[in-house]
Structure formats: C-alpha cells, structure tokens
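Student: Build the complex: two chains, separate frames, hints provided.
Order-wise, the sequence lines are chains A and B.
Counting from 696, one number per residue, gives the positions in the first sequence under the numbering used here.
Counting from 9, one number per residue, gives the positions in the second sequence under the numbering used here.
If you're looking for bench data, these hints aren't it; they were derived computationally from the structure.
Incorrect hints may appear among the rest.
[Stated by the list, open to error] Taking lysine to aspartate or glutamate and the EDC-like style, the derived pairs with C-alpha atoms no more than 20 Å apart in a straight line are:
hint	chain 1	residue 1	chain 2	residue 2
1	B	K65	A	E792
2	A	K756	B	E9
3	B	K50	A	D703
4	B	K86	B	D71
5	A	K756	B	D71
Owing to the predicted nature of the structure, the values given are computational and were not obtained by experimental measurement.
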Amino acid sequence: AQSVTQPDIHITVSEGASLELRCNYSYGATPYLFWYVQSPGQGLQLLLKYFSGDTLVQGIKGFEAEFKRSQSSFNLRKPSVHWSDAAEYFCAVGAGEYGNKLVFGAGTILRVKS
Amino acid sequence: EPEVTQTPSHQVTQMGQEVILRCVPISNHLYFYWYRQILGQKVEFLVSFYNNEISEKSEIFDDQFSVERPDGSNFTLKIRSTKLEDSAMYFCASSDSVERGVWYTDTQYFGPGTRLTVL
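So that you can see chain B by itself, here it is in the shape it has in the complex (with noise of 0.2 Å):
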C-alpha cells in the first residue's frame, strides 16, 4: 500500500538555525499539508499546498515558515530561524483530488512525523 515518508524522523537543531523537513508524498496525489503537534497538544494544521502554490496557511505559518516542491517526488518544510518553541512533531500528509460539492479534496494520509527538538 502507498505510504508517506519522511526524512528524518528525528531532527535536534540549535537555536536561530535553518531547518528543512522533507516529505514524499503519495505518488499521484496533488494536494500535500504540514501539521504539527506541540508535546501535549492538539495536532494542527500549518498550510496546504496545491498546484505549486499555497493554498491555506494558518496563523502560525508565519514568514519563518516556508514550503516547496523542488521536485516530482518532495515536498519540503523550511523553517529559516528555529525557536524554542517550534519544538514538535512535524506530519507531512497527502490527498488526492475528488470533487465534492464546493470541496476538491479527499481523505489525508500522513506519513510517521518529524520530532524536531530545538536546543
């Protein structure tokens, strides 16, 4: 069964530094997400991603925060100045295209998370 993936599973960084989660996606999905979920919290959504572009983003996807597909297989998560606080599990997830209504998307699958621990 697809599956997805992603690199690594467990990431410590310091403080200020860059950080790049990656992600592959399940291969003939078009839509991709990140979420994250704070030790002890909910898990939440950070952004949506389709067609090359950006389609959703919460309040806590801030300019720190950026997404990229460089290439057919890898969706990306950049944080350019790590804090504390954005210590978490980070989720990549995938869906295919379905119209529903006014709505386009159908079920996310996620892939195991990144834990990325700041110092």
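For reference, chain A alone in the conformation it holds in the complex (with noise of 0.2 Å):
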C-alpha cells in the first residue's frame, strides 16, 4: 500500500536560515506527489506538486522540492525561512485507482526563532 513519512515531526529553525523537510514515499510506479501547508485554523494549501518532468519543482512562497527517484524521496527545501512560514507541512502522495485518493504524511511542524 502507497504510504509517506515524514520522520521530523517538529523542527525550529532561525529566521533566514535555510530550511529542509523530508518526505519518503512508498508507491509501485511514478508517484503524484504535492506538499501541502497548514497553519494554526487554516485548510490546507497547495505549496507544489510534481506529476512529471523536472525533478525539481518551484512553488509559491519561495518553496522547491526535488523528486529523487532512487531515493523514494521529495524533499522540500526554502534558501531563506520567514517567520511566517511557521506552519505545519504535509507530504502527499497520489494514490488509488485513479490516483485521486491523497494518501498524506504526518506533517512537520515548523517553529520558526527570531
């Protein structure tokens, strides 16, 4: 069965450091795979998505991640964190028959130090 981890569950980082959130996927064939992020009393929003092409993707708020197929990961990256970027972040993976069934991680929160 298709399955995410997400083995950080919270992490602290400082105020333009850099930031990585690590996802792990198992699924049999090419994966659809999003990250999504929530913050406190929010639904979830769309960050980016990888379906095909170049491994690495580029998303809103200054977000990317790289799709590494012989690692079963996609990780996601930010050069510079905001304080506003305080939030917690779900890794999702298509899954299903028709690949519309999101099978999602257990989230990272992130706490962001001034």
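Tutor: Structure below.
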C-alpha cells in the first residue's frame, strides 16, 4: 500500500536560515507528489506538486522540492525562512485507482525563531 | 482566486445525532472529496465523488456516512448517528478533470475545514 513518511515531527530554524523538510514515499509506479501547508485554524494550501518532467519543482512562497526516485524522496526546501513560514507541512502522494486518493504523511511542524 | 468553502466552521453535536457538513467546491471542478483529520493524527481520505456517484471510498466510510451533491453547487457529507470517535476536522476538496495517462484528476484544492465535536 502507498505510504508517506515524514521523519521529523518538529523542526525549529532561525529566521533567515535555510530549511529542508524530509519526505519519503512508498509507491510502485511513478508517484504524483504534493506538499501542502496548514497554518493554525486554516485549511490545507498547496505549495507545489510533481507529476512528471523536471525533478526540481518550484512552488509558491519561495519553496521548491526535488523528486529523487532512487531515494523515494520528495524533500521540501527553502533558502531563507521567514517567520510567517511557521506552520505544519504535509507531504502527500496520489494513490488509489485513479490517483485521486491522497495519502498524507504525519506532518512536520515548523517553528521559526527570531 | 476561486476557493473551496465549508460550513459551518465548527459543529458541536450530541452522540447519536445526525450531522450534515456542507461544502461549495470550486465551480468548474468535477471531482469532490472528503478527508478528515482526528486531532494529532494524519489527514485521512474518506471518499471521492464524480458524476454523481462515489468513485472510491476508504474503510472508514461505512454505512453511517453518505455524500450527496444536492444541487449544482453544494457537496455534503452526512453522518447519520455520530459517535465520539467521529470528532475530527473534516476537509472538503475539489479538483478539475485532467487526463494524465490512466489518471483523470488534477490537483486537489482544500477548504478550511469543519471542526466536528461529538459530546
């Protein structure tokens, strides 16, 4: 069965520092991969997605992610974190018969210290 | 920018009562979904809906749950007899129709959620 692992439950970075959030997936074929962000009391906002093609994808708010098939990973990165980036980040893979059942990781809570 | 909306934002109910959670998907989308997130746990898929019928459902989505598109804009999730363990945040999502090989759906856009509290 498809699964997503986010090994870090909490991460704290200083404002202005770089960020990398890890995501590993288990899926038999070429996965469709997503990163969503959830601020407190808010819904899930799409940051970026990978369907095919260039393995380095750019998203909103200065985020990017790199798909590495050999490592079954889709890590999220940002070169310089802002205090407003503090939120919970979810990695997800499209699964099911038509790829429209999202399987989510447990999430990583990002704290930004000034 | 179009967005998915959900009402109410918070629903409190007594165990055994019926609840209906409402969603207005993005207007030109054809695929609709419900997910839930129990506090401290992962976001879980419940059901997907296309062309007025369920296309896929999880084992969580038992006979106590039903979905409906009663008109051209709303998409509802009904829980017939709520249990304490149904307390969760329920998210509605919608996506467009895009053919990608054997897959037909595009990115899912989520609403802000309805927090259901069962007492």
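Student: Would you mind marking each hint as holding or not holding in the structure?
Tutor: The hints, checked one at a time:
1. Among the hinted pairs, B:K65 with A:E792 is consistent with the structure: their alpha-carbon atoms are about 11 Å apart, no more than 20 Å.
2. At roughly 16 Å between alpha-carbon atoms, A:K756 and B:E9 fall within 20 Å of each other, so this suggested pair holds.
3. Using a Cα cut-off of 20 Å, the hinted pair B:K50 and A:D703 holds, with the two alpha carbons roughly 14 Å apart.
4. Proximity of B:K86 to B:D71 is assessed by CA-CA distance (about 10 Å); at most 20 Å being required, the pair is judged to hold.
5. Between the alpha carbons of A:K756 and B:D71 the distance comes to roughly 41 Å, so the proposed pair goes past 20 Å and is violated.
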